[in-house]
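All chains should be modelled from the sequences, with the hints used to inform the complete structure.
Protein chains: 2
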Amino acid sequence: MNIIIAGAGAMGSRFGLMLHQAKNNVILVDGWQEHIDCINQEGLKANFNGEEIVEKIPVYHQNEVSNIEFSADLVILFTKAMQLDNMLQEIKSMIGQNTKVLCLLNGIGHEDVIKKYVPLSNIILGNTMWTAGLEGPGKAKLFGNGSIDLQNLGEDGKGAAEEVIACLNEAKLNAKYSDNILSSIYKKACVNGTMNGLCTILDSNMAGFGETNVADDIVKSIVAEFAAVAAVEKAELNIDEVLTQIKSCYNRETIGLHHPSMYQDLIINNRLTEIDYINGAIVRKGKQYNIETPYCLFLTQLIHAKEQILGAK
Amino acid sequence: MNIIIAGAGAMGSRFGLMLHQAKNNVILVDGWQEHIDCINQEGLKANFNGEEIVEKIPVYHQNEVSNIEFSADLVILFTKAMQLDNMLQEIKSMIGQNTKVLCLLNGIGHEDVIKKYVPLSNIILGNTMWTAGLEGPGKAKLFGNGSIDLQNLGEDGKGAAEEVIACLNEAKLNAKYSDNILSSIYKKACVNGTMNGLCTILDSNMAGFGETNVADDIVKSIVAEFAAVAAVEKAELNIDEVLTQIKSCYNRETIGLHHPSMYQDLIINNRLTEIDYINGAIVRKGKQYNIETPYCLFLTQLIHAKEQILGAK
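The listed protein sequences correspond, in order, to chains A and B.
Residues in the first sequence are numbered consecutively from 1, following the UniProt record's numbering.
Residues in the second sequence are numbered consecutively from 1, following the UniProt record's numbering.
In case anyone wonders, no lab produced these hints; they're calculated from the structure.
Certain hints may be false.
From the structure, some residues in chain B lie toward chain A, with a derived Cβ separation under 7 Å [said to hold, decoys possible]:
no.	residue
1	Q83
2	N86
3	G208
4	V214
5	Q301
None of these values were measured; they are calculated from a predicted model.
Each residue gets a CB set at the ideal place from its N, CA and C atoms; glycine is no exception.
Structure (structure tokens):
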């Protein structure tokens with residue numbers, strides 16, 4: 001397949017590498033010049049489950065792809081949420097009538113952006129358990145195993161996703177069809193919608209927050225807002241299950257001493273956050289559905305205040 | 001008059017000094033041993049509008065006053081909010097049938113604590129514009145001018161407060177009767193209920209917060225909760241006036257670069273905050289009056305989380 005990895009950070013690098021190794025015709029598109037230069041000069045490197053590998057994969061800056069002759073069968077979206085619209089704008093000449101677009105971004109409501117460029121029948125929403133890290137420009141660190149759940153938003157449903165699933169599975173990416181992808185997406189968003197914003201605003205790791213005597217009440221209030229919005233979209237959430245998953249983040253023996261990604265973005269790297277696509281998305285949808293979402297709104301506002309106070313970019 | 005200053009920090013020291021200088025029989029009661037020792041050994045010192053003064057005023061630790069023979073005509077309460085109940089418990093043997101109790105604490109709802117010890121007819125609520133600082137134990141810094149508004153909660157009203165007003169005015173403390181003290185208290189609480197919690201949780205000075213593009217929306221949401229609760233208690237708030245006063249805190253030319261007192265307490269001095277008596281009081285009263293107060297609740301929870309994460313005491 002002709003595949004565009006749109007956003008070739010840590011996760012995009014993993015998918016690009018594995019799909020390239022499975023003999024697909026992969027190109028990477030990204031906006032980080034230093035990363036692009038390294039991949040161009042020395043190939044995409046990775047420590048792949050302990051083995052050092054290098055693969056020559058074409059890579060382009062997203063500002064320079066509008067004239068490239070490449071007819072994509074599949075686009076996999078892995079940008080930061082706020083970069084999605086711009087990325088689709090840049091690559092739209094490579095998206096044809098039959099190009100499937102698989103969205104694996106964190107957060108909620110990306111289909112509202114994608115459908116400006118792609119018919120619903122070609123949009124596939126996914127949720128992945130794969131992980132990945134970058135050691136530096138051009139160098140990924142890829143350990144462990146994962147999987148992908150995905151669902152086509154068109155009337156064809158499963159039929160329209162079959163080729164994509166087969167392609168991902170040839171690359172050992174463990175994809176399977178889901179009739180209920182929104183529930184998985186909302187469930188993951190609940191974890192991000194609590195841990196990310198709260199640990200960032202409190203300048204705390206997950207255990208530090210989770211061990212306070214207000215953690216339960218705060219988390220329940222936020223999850224209730226997510227669940228109310230999700231219910232309107234027929235994405236039922238098992239709240240006990242969600243709360244249990246959130247509590248597992250507090251465990252000091254596993255991931256409790258880590259800071260979530262938003263903390264890394266804002267507090268460590270002084271970058272703007274994805275809050276508008278997590279809690280902020282619940283606020284927008286809440287307005288649309290006439291559901292009160294004060295906790296998501298206040299948390300979104302506080303994170304934006306913090307971004308501005310720190311001069312994040 | 002026989003006067004107990006219950007809580008002899010910065011403001012208590014100002015009132016104690018000025019009332020002592022006006023020939024009242026003042027005693028100070030406090031819980032900070034080093035401060036008490038300094039006052040006992042060298043007198044209460046102050047830089048009083050540029051002049052260095054010292055006054056010998058009796059001072060007692062609040063744990064040691066239960067056996068003192070002192071029949072108070074007036075008690076002026078200046079403790080931290082969370083210390084109020086305990087202080088009243090300690091000094092209650094000095095409070096008689098005719099002792100007036102003037103409460104000048106920041107925050108809301110202290111009358112609910114005081115009325116456990118004192119009949120309503122003897123409770124006087126006040127709001128003061130005086131300021132004061134401590135340079136260290138036993139040494140106050142007292143600059144500028146101020147005033148006090150006060151109101152008696154009993155049926156006698158003004159009549160029951162006249163002697164107290166006269167006494168305060170002999171000491172040049174500029175007291176006057178108000179028929180609407182709750183409105184002033186709520187107005188001041190709105191300033192504290194926004195600047196204190198928000199600057200503390202955002203680790204920001206007042207200008208830094210005020211200049212963000214979310215400041216207005218956050219402040220309006222919080223003030224609306226205060227106003228809804230105040231309205232039930234017939235304390236009308238002029239919301240535009242309150243918002244204007246809050247915005248004046250953002251001015252970099254005046255106080256905008258300062259951190260509010262709660263920031264000093266928690267972030268600088270690692271002490272527990274008074275949030276339960278500001279935003280937390282609105283939450284309690286909101287429950288009682290069936291008014292939703294999600295912003296005050298979430299802010300109160302976040303401050304408590306921060307206290308616990310920092311191990312404040």
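Comparing the hints with the structure gives:
1. Q83: 21 Å, violated
2. N86: 22 Å, violated
3. G208: 5 Å, holds
4. V214: Given a least distance of 4 Å, the restraint on V214/B holds.
5. Q301: For Q301/B, the interface hint holds, since the closest Cβ of chain A sits about 4 Å away, which is under 7 Å.
The structure fails hints 1, 2 (numbered hints given earlier, in ascending order).
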